[in-house]
Each structure stands twice: as C-alpha cells, then as structure tokens.
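**Student:** Below are the chains, spelled out letter by letter.
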Amino acid sequence: MRKYLRWYLPIFTGVLILLAWVGIKEAFGIRNFVLPGPMKIVHAAVKEHHNLVRAALVTMEGASLGFVMAAVVGFLLSVVMALSAGFRMSLYPYILILQMMPVVIFAPVLVIMLGPGLPAITFITFLICFFPIVANTTQGLISVDKNMVDLFRMINANRFQEVVLLRVPHAMPYFLTGLRIAGSIAMIGGTTGDLFASSSAGGLGYIVLVYNGELKIPELWAAGFTACLCGFVFITVVLVLNWLILRHWHDSIVKADL
Amino acid sequence: MNPSLVTISGLRKRYGRGAVVLEDITLDVAKGEFVSLIGPSGCGKSTLLKLIASLSPVTSGTLLVDGMSPAKARKETSFVFQEATLLPWRTVDDNIELPLQVLGMDRAQRRQICAQVRNLVGLDHVPGLYPRQLSGGMKMRVSIARALSVAPKILLLDEPFGALDEMTRDRLNEELLGIREKRGFTAFFVTHSVIEACFLSTRIVILAPNPGRIHRVMAVPFPYPRTVETRESPEFQRFTTEVSRALRAVNPEGR
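From first to last, the protein sequence lines stand for chains A and B. Numbering (my numbering) for the first sequence: 1 to 258. Numbering (my numbering) for the second sequence: 1001 to 1255.
Since the hints were made in silico from the structure, they are not lab data. Check the hints yourself; a few may be wrong.
Derived Cβ-Cβ restraints for the label pairs, each shown as a range [as the list claims (entries may be wrong)]: (1) B/Gly-1162 / A/Met-100: 46 to 54 angstroms; (2) A/Tyr-8 / B/Glu-1175: 30 to 38 angstroms; (3) B/Thr-1007 / A/Lys-146: 51 to 59 angstroms; (4) B/Gly-1162 / A/Cys-228: 51 to 59 angstroms; (5) B/Lys-1182 / A/Ser-252: 35 to 43 angstroms; (6) B/Ala-1071 / A/Leu-96: 19 to 27 angstroms; (7) B/Asp-1165 / A/Lys-146: 46 to 54 angstroms; (8) B/Met-1167 / A/His-248: 27 to 35 angstroms; (9) A/His-248 / B/Thr-1007: 53 to 61 angstroms; (10) A/Ile-235 / B/Tyr-1015: 43 to 51 angstroms; (11) B/Val-1020 / A/Leu-96: 38 to 46 angstroms; (12) B/Asp-1165 / A/Gly-86: 43 to 51 angstroms; (13) B/Glu-1181 / A/Lys-3: 35 to 43 angstroms; (14) A/Ser-252 / B/Met-1167: 54 to 62 angstroms.
This one's a predicted model, so the numbers in the text were calculated from it and none came from an experiment. Glycine residues also receive a C-beta, built at the ideal position from the N, C-alpha and C atoms.
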C-alpha cells in the first residue's frame, strides 16, 4: 500500500493543481495571454516542439559543458585548497566575491569578452555552478576525523596518500551534494547565457525573448517547462553518480540492511 | 631479563603553554612485555601512548623506542585507536591492507598477509563486507588485524575495548592474548578496567593525575596462557582488589 502511495499521492496533488488552475482561470475570466490554460500550453508545446527541442539542445550543450567544467575545476581547486591552508586563505575571499557578483549583471560583459554563443553560455553556467561545488568539497576534505589523520601518520602515509586514500573518498558525499545543488541551478546559468548570447545561439533563453516579443504566452510557458525538464536531466545524472559512488558505504543510501 | 625495548626516563609533557600533562615519567619496558596504563581521566595515559607513537612530541626527558627516537621507530609501531577508525568506503580486506598499500607492497603479497592476520583475529568469513555491516567487536578485530598487518614490534592500544559490552570484551581479551602468543609483540594498553588490565598484563602502571605521574607499578603474578579459569580464580580476585585499592588512592573523587 505504502509503495503505491508514493506514486498515487503526487499524481493526486498534480490533478488538484490542474483543477485549481482551470477553476481559477474560468471563475475570474482570466484571459489567455495573462494565464493560459494547461491544454493551451500542451498544444503550444506540440506545435512548437521542433523549435523547443532545438533550443533546449543548444542550452543543454552549454549548460552541461559549464556544469562538467565546474565539477572538474571545482574539485581540483578544492583539493589544492585542502592541501594548503595558505592557498585556502589566499583564494577563498575571491571565490566568495565571484559568487556574490550577480551573474546577470556580468553576463553582457562576458558575452562581449568571450563572444556570443556556446563559450558565453558555458562560462556563465560554470560561474553559477562553481561555488557550491568548491564550498562543499573543501568542507568534506578538511573535516576528516582527527583519529583517521593520526592513523595515516602512524602508517607513515605521505601527504599525497593521505589526500588520495583518505580525504578525497571522505569528501565524496560532500562533493556530490555540491553537484546536486549545481545541477539544480545549471539551467539558470544556461538560460541566462542564452538571453544575452541571443540569436547567435538560439537557446531556450533566447526563444523566450522571441515568444515574449510576439506575445506567444502559451509557447513561453511551454519553454519554461522544457527548461524544467532539462533541469531534471541534470539531477538524474547526479543521482545516478551519487548511487554509483556511495551505494556500498554511505548512510544516505544504505539503511541498516543487516 | 630481556633487553629493554622502550626506555622512558625523566619524561615531561606539556601541550604548548598549558598545564603539564606528564611529569617525571621513568619506565623501562622489556621486549615481550604487556604493560597496561591505568588511572583516572586526565592522568595522561593516552598522551603517553601518543608520545611513544610519535604522534606528539616529548617536551623534555628521554624516550627511546628500540634504541631510536619515536619518530624513527614508527615503522615498528602500530596503533589501535579507541574507535575502530575503519575507512567506511573500504571492505574489511581493503581496510586491513591499508598500511601495506601505503608501504607500496604489491597486491598478491598484500592479499596473502591480509588472509593471515584476518584469520588471526577470527574474521575468515567476512572479507568483502563493509564496516557498516559489522558489529562493534568485529570492527575492533579488523582494526587489530590492520595494526598487525605490518608485523609491528610494538603494539599501542588506546582503550580499544572500552565501547564494547562485557562479554565481547572478555572474548577479545582472551583472543588478544592468543594473538600475542603467536606474534610476540610488546604491548602498551590503556584501559579503565582493572579486570582487563590484570588479565592481560605482565605489569600494570597506575598513573596519578594533575600532573600525570607514575603512582605505582605492579607486576602481575599469573603465568600465561591465561584463560577463563584464571579470571575466575580467587587469587585473581584478590589481585584485582589490590589494584583497585591502589587506583582508588589516586582517584580524586574516590578519596
């Protein structure tokens, strides 16, 4: 019974939301360009699916490149910062500053610097995804139990062995948490990049501008839901990675199976 | 008398500018001895172990391990921590092999040694399990196997059985003596349990707190191998009472 509830309850909630949506629209006579009905959006999505898929692929390309780049660079930088407190102290304020700068403000500048299209989308996504990965991974690398560090000293492990055999595996759950946050915001980076990279790329952020200009409101909603679906792709990838890496040992995955 | 393996003389330990933790410790431990360190909290027994392990530097005085400075002797020393300190992402075998892997030993040789020490601690049936799948006692066995994998001359144990239930603790005490019989290491054993100290040791060092110093050293009169019968004999009971009394004399709350 419980097993089925996991599926039925969310579906039930979804039906309620749709009913409320249609009900409010009809009761108050809200017009389509203010709030289109769900069916209108589905129709728009079907009609526009060609453009939407193409735009989504453009955005996804930039967003995934930026996401992977953030994962790799973020991870490596965290290791360097964990190895050297000096490095950590010198770099951390600037990483914070980078994070505090609203990307939307710098996006136009970045587009000018990097040229419109893929490079700009990639880099903007990278900027957005980078911080949660570095912050979490560094935390994981430095929060190793003191006794474990003593153990590694006792067995005469060098610094490199300590990082590879102890700190990096210990930091994996933290790194994956960082990836999960980054994955859920990667599409923000991607579409922000699109907005400013405009017609040269033609991603989701761009066709939203076009639909908006043409007052194609249901199509705009359809584009929004498409971006949401793309976000789920990221999260799914991270969850699979999470399972692959932690399935044997981490409490978040294995719950008292003995 | 065997030659002395660990020589401690006039040793003093102070963390930074804080209180003195150990004052004027002098102790000679011969090869093959099993020395228990017992005393109230704050008497510096764990600290003494850390000094021998070279996990912390000596402030002043002499400490020689196998004729060398503790740092140089680290290759001959293994430490068993209060918690099992197993790496949760590694299987039992991979945990046991960790020190050998760090030494750069090849895989085949590692497997062979691992199988030996795993057998020694009675864990033949669990090579591929992860630490989370093990009970507290089994985790500690893995931890001991890992310490033994490098065939140390000296085994330092910091209250290894403190968190275990009494039955498991008794079993592990007996097994530890069995392993010692086969391996012939010299042991330093920190504990809060008088019975454990009496059952395992050749000598018991009672430490007094503030600052930590040696109150009394008592030789344990029972021959090895010791068994359940040893623990149940009236002589053993009488001896533990004597040790308890000596311990009470240094316990600030017990006065």
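**Student:** Now tell me, hint by hint, if it's right for this structure.
**Tutor:** How the hints compare with the structure:
no.	hint	in the structure
1	B/Gly-1162 / A/Met-100: 46 to 54 angstroms	48 angstroms, holds
2	A/Tyr-8 / B/Glu-1175: 30 to 38 angstroms	54 angstroms, violated
3	B/Thr-1007 / A/Lys-146: 51 to 59 angstroms	29 angstroms, violated
4	B/Gly-1162 / A/Cys-228: 51 to 59 angstroms	53 angstroms, holds
5	B/Lys-1182 / A/Ser-252: 35 to 43 angstroms	41 angstroms, holds
6	B/Ala-1071 / A/Leu-96: 19 to 27 angstroms	39 angstroms, violated
7	B/Asp-1165 / A/Lys-146: 46 to 54 angstroms	26 angstroms, violated
8	B/Met-1167 / A/His-248: 27 to 35 angstroms	30 angstroms, holds
9	A/His-248 / B/Thr-1007: 53 to 61 angstroms	46 angstroms, violated
10	A/Ile-235 / B/Tyr-1015: 43 to 51 angstroms	48 angstroms, holds
11	B/Val-1020 / A/Leu-96: 38 to 46 angstroms	42 angstroms, holds
12	B/Asp-1165 / A/Gly-86: 43 to 51 angstroms	47 angstroms, holds
13	B/Glu-1181 / A/Lys-3: 35 to 43 angstroms	55 angstroms, violated
14	A/Ser-252 / B/Met-1167: 54 to 62 angstroms	33 angstroms, violated
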